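Protein chains: 2
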Amino acid sequence: MNSTRDIDALIEMMAKLPGLGPRSARRAVLHLIRKRELLLIPLADILQTVAATARECGICGNIGTTDICDICASEKRANGLLCVVEDVADLWAMERAGAFKGRYHVLGGTLSALDQVGPEQLRIPRLIGRIAQESITEVILALNMTIDGQTTAHYIADQLEAQVRLTSLAQGVPIGGELDYLDDGTISAALTARKEL
Amino acid sequence: MNSTRDIDALIEMMAKLPGLGPRSARRAVLHLIRKRELLLIPLADILQTVAATARECGICGNIGTTDICDICASEKRANGLLCVVEDVADLWAMERAGAFKGRYHVLGGTLSALDQVGPEQLRIPRLIGRIAQESITEVILALNMTIDGQTTAHYIADQLEAQVRLTSLAQGVPIGGELDYLDDGTISAALTARKEL
Chain A
96 MNSTRDIDAL
106 IEMMAKLPGL
116 GPRSARRAVL
126 HLIRKRELLL
136 IPLADILQTV
146 AATARECGIC
156 GNIGTTDICD
166 ICASEKRANG
176 LLCVVEDVAD
186 LWAMERAGAF
196 KGRYHVLGGT
206 LSALDQVGPE
216 QLRIPRLIGR
226 IAQESITEVI
236 LALNMTIDGQ
246 TTAHYIADQL
256 EAQVRLTSLA
266 QGVPIGGELD
276 YLDDGTISAA
286 LTARKEL
Chain B
96 MNSTRDIDAL
106 IEMMAKLPGL
116 GPRSARRAVL
126 HLIRKRELLL
136 IPLADILQTV
146 AATARECGIC
156 GNIGTTDICD
166 ICASEKRANG
176 LLCVVEDVAD
186 LWAMERAGAF
196 KGRYHVLGGT
206 LSALDQVGPE
216 QLRIPRLIGR
226 IAQESITEVI
236 LALNMTIDGQ
246 TTAHYIADQL
256 EAQVRLTSLA
266 QGVPIGGELD
276 YLDDGTISAA
286 LTARKEL
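Just so you know, the sequences run in chain order A and B.
Counting in this note's numbering, the first sequence tops out at residue 292, every number present.
Counting in this note's numbering, the second sequence tops out at residue 292, every number present.
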């Protein structure tokens, strides 16, 4: 008999979340148990709901609770622009910025010979299919500025360059960024892409 | 209509946990949704169970899923020693160390004139009651080495000094600790309490 078995199991599971370790999982669980009505019960309920309803959008790969996400369902967003991102988190970041009014395509990762991720494992064939179907005029490759991200961008560019205008996000100094804290690569890129005042 | 309303609500709730902010809550929720069978569903289930069963031990204040916790229920732990801690997390830390074989008493905080926490708001009257009921011979005051913790320890010592032997945890250099990284107070305490080799 162990009266804390369920609580221990909960702590162990919370510790598997990114950003939480065993120590912070214990603190989080104690916090939850103390705020039973305010936090523990609502959190348990919403987790059940999300577990039952969360799914990938059948078109772009965004995560939501409907078969087709709001962005793909909205006619307003069909402006011929398609923004290709690696991950749902990147799509959400773009949406928070609120600067992009077209649609998205989530690859679900990057090409990687080492991890045996080829175009078929990502949503690259479906991306190629969408270009014609949705009369896309411009594809914005908003992949991460990592080696894997840029390799994937080059591969996609090779596949699509005959069909559609291809662009990528500008590189440069982040808003609020201080030169002293920037890496050499960013400074070089910002200098190369310098603009007339 | 917003297809991500439930997911947004989940992220908002996760962000209220200690140790998680909005960014890490988003990452955690995406991780959960991706590991639906392995993590999301089991976590939702165990949260429901814990919400329904978690309670404070009626004797010591430990958190478990039974009315009386394992430690209070075990006759083996009735060795006349009672360890007083501020919080359930402290009790769990003592249990992980595995060095204490007696029973605990969780105060549920420290005395604080500013926050209007008096002896009645903590479990101090119940502590005084337990001394006679459980034939306690020694009370170990394992309160945090903070001003509030030590104030509370002094108050309890005043109440109990006529009835029972009172001790506190030793102060000194932590195991594996390096002098260079220790605060002055700890070094002074360790020097004052130095031992013959």
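Some hints could be false.
Any copy, or any two copies together, can satisfy a pair, since identical chains are not distinguished.
Heads up, simulated SDA-like pairs for lysine to any residue below, C-alpha to C-alpha not over 20 Å straight-line [to be verified]:
1. K171 / R289
2. K130 / A265
3. K196 / L277
4. K130 / A184
5. K171 / I128
6. K130 / A104
7. K171 / I136
8. K111 / T99
9. K130 / G153
10. K171 / S230
11. K130 / D140
12. K290 / G271
What the hints contain is simulated information worked out from the structure, not anything from laboratory work.
Since the model is a prediction, treat every value here as computed from it, not as a measurement.
Tested hints:
Neither within a single protomer nor between protomers do K171 and R289 lie at most 20 Å apart by alpha-carbon distance, with minima of 34 Å and 76 Å respectively. In the homo-oligomer, the alpha carbons of K130 and A265 never lie at most 20 Å apart, since the shortest distance is 45 Å inside one protomer and 34 Å across protomers. Neither within a single protomer nor between protomers do K196 and L277 lie at most 20 Å apart by alpha-carbon distance, with minima of 30 Å and 55 Å respectively. Taking the shortest alpha-carbon separations for K130 and A184, only the inter-copy value of 15 Å comes in at or below 20 Å, while the best intra-copy value is 29 Å.
Taking the shortest Cα distances, K171 and I128 never come within 20 Å of each other, neither inside one copy (45 Å) nor across copies (28 Å). Proximity of K130 to A104 under the C-alpha cut-off of 20 Å is found in both arrangements, the shortest distances being 19 Å within a copy and 17 Å between copies. In the homo-oligomer, the alpha carbons of K171 and I136 never lie at most 20 Å apart, since the shortest distance is 38 Å inside one protomer and 35 Å across protomers. For the homomeric pair K111 and T99, the shortest alpha-carbon distance inside one copy (19 Å) is at most 20 Å, but the shortest distance between copies (24 Å) is not.
Proximity of K130 to G153 under the C-alpha cut-off of 20 Å is restricted to the inter-copy arrangement: shortest distance 18 Å between copies versus 38 Å within a copy. For a Cα distance limit of 20 Å, the shortest separation of K171 from S230 inside one copy, 14 Å, qualifies, whereas the shortest one across copies, 76 Å, does not. Taking the shortest alpha-carbon separations for K130 and D140, both the intra-copy value of 14 Å and the inter-copy value of 18 Å come in at or below 20 Å. In this homomeric assembly, K290 and G271 come within 20 Å of each other (Cα to Cα) only inside a single copy, at 18 Å, whereas the closest approach across copies is 56 Å.
Checked against the numbered hints given earlier, this structure breaks hints 1, 2, 3, 5 and 7; the rest are met.
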